[in-house]
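Participant: Chain residues, written in single-letter form:
2 protein chains.
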Amino acid sequence: MLARELAEPYALVDLDTDALEAARILAADRLPGLVVTDQDGSPYAILPASQVVRFVIPEYVREDPSLARVLSERAADEIVRRLAGNKVRDLLPDKPHQLPVLNGDDTVIELAAAMARMRSPLVAVLEDGRITGVVTAARLLEFGCGAA
Amino acid sequence: MLARELAEPYALVDLDTDALEAARILAADRLPGLVVTDQDGSPYAILPASQVVRFVIPEYVREDPSLARVLSERAADEIVRRLAGNKVRDLLPDKPHQLPVLNGDDTVIELAAAMARMRSPLVAVLEDGRITGVVTAARLLEFGCGAA
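These protein sequences, in sequence, are chains D and A. Residue numbers for the first sequence follow numbering that gives the first Met the number 0, so the first one is 0 and each next one is one higher. Residue numbers for the second sequence follow numbering that gives the first Met the number 0, so the first one is 0 and each next one is one higher.
The calculated DMTMM-like cross-link candidates involving lysine to aspartate or glutamate, where the alpha carbons are at most 25 Å apart (straight line), are:
(1) A:K94 with D:D93
(2) D:K86 with D:E58
(3) D:K86 with A:E141
(4) A:K94 with D:E62
(5) D:K94 with A:D93
(6) D:K86 with D:D17
(7) A:K86 with D:E141
(8) D:K94 with A:E62
Because the hints were derived from the structure by calculation, they are not lab data.
Turn these sequences into a full structure, and let the hints steer you where they fit.
Facilitator: Structure representation (structure tokens):
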């Protein structure tokens, strides 16, 4: 079994995608994260949904649960508006989550080994330098449990 | 808005759930991870799907991509069988991913602050000491984007 046989379509954004648009994709498809490419379509990083939440919650609120308690719903709306006007590149942490990248003709074992080594929830599959799909850990387990 | 209004049902396993059963749940529901409780139903940890993959790929394969390349499909089947006879507790890393826990009457801002602080993909919502649901980062963004 080759990596390309397990790969599935997945939502891609690039570094210049609007941050609010990225949040809407995560929300609409209930995704745990997005694959981020650079401007020429090369794989760049993973943007976890929790990182977007982290971006919209100011540090002084994150670190002070009693302050979070007294913030009103209206404040919540205003916090979400922090996304507007930002790009995906602004949401990424200083050390973004590395995205393992394999070629379509790599084997499933190589794919699993890369996922395990990098503790990554997904692996991007490349053909001719472009991402043609993604294999999630759950997809890999589906293959494994089917084989067992 | 209170935490309980955003909470949704989510797959729970406990420390003694069969490891292969846990992998099958992850695969069938295409989940990025499972909520693990201890034997009395109290929240314990998050088990990421990638951690299950890590468990089934022996360290000598993880760290040697050239070895991964030569392993046959048959080896893959055998590796997956490593799950059989193990429990969820065996899959968890030494320092499991902490599971943020909030009460149903905590506010959505408190929930978002806990998620952001702990960089967690989900938060468990408790009522009377039992998990009644889970809020994922994507669910929270859905609420936020709807409000914006």
